[in-house]
Amino acid sequence: MATAPGFSGILLRALAALVLVFATYNPEGYSYFHWALAPLISGVQTAGPASVKFLVGLALLAGWAIFLNATRRSIGLGGAVIVLAISGALVWLLLDFGIVSASSGRGLTHVVLFCTALLLAVGMSWSHLSRRLSGQVDMDPTD
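Residue numbering for the sequence shown follows this note's numbering, beginning at 2 and increasing consecutively.
No wet-lab data here; the hints were simulated from the structure.
Predicted, not measured: the structure shown is a model, and the values here were computed from it.
Here a beta-carbon is modelled for each residue, glycine too, at the ideal position from N, C-alpha and C.
Treat each hint with caution, since some may be false.
What follows is a list of derived Cβ distance ranges for each label pair [claimed, not checked]:
#1 56 with 94: 32 to 42 Å
#2 113 with 73: 14 to 24 Å
#3 98 with 45: 20 to 30 Å
Construct the entire structure; sequences and hints are all you get.
In structure tokens, the structure reads:
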């Protein structure tokens, strides 16, 4: 039986979620969306082989599938709603204290992307965290 990851394992999962989310899209313009998809939408020819863009797109898609499936299986819809509510409270707190301006689309986009990564990280790590906190093991039903 595999042992539950320590704090470093959970941090690695959170880092992987951040990389996945911000590599897919970020408001700075350095993302898969800006590199491969936006030029297709606008009809602009860009440098770089389409095969590489396709391969990177498939790798990102696989990453999203893994993270979303793990999140769905470990926390479900109810857990996702709770994490999103906590994320919403975090956004409210940041706005309330003036850390992020409500008129800053770029700043709000960063916060929303961070909250998305937080949701995926919690989903990836929840079974391990729950086991450590409660002593109970989550099991998937057999088909």
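Outcome of the hint check:
1. Residue 56 and residue 94 have their C-beta atoms about 40 Å apart, which keeps the hinted 32 to 42 Å range intact.
2. A hinted range of 14 to 24 Å for the beta carbons of residue 113 and residue 73 is consistent with their spacing of about 20 Å.
3. Hint check: residue 98 to residue 45, Cβ distance near 40 Å, so the stated range 20 to 30 Å is violated.
Comparing the model with each numbered hint stated earlier shows that hint 3 is the single one that does not hold.
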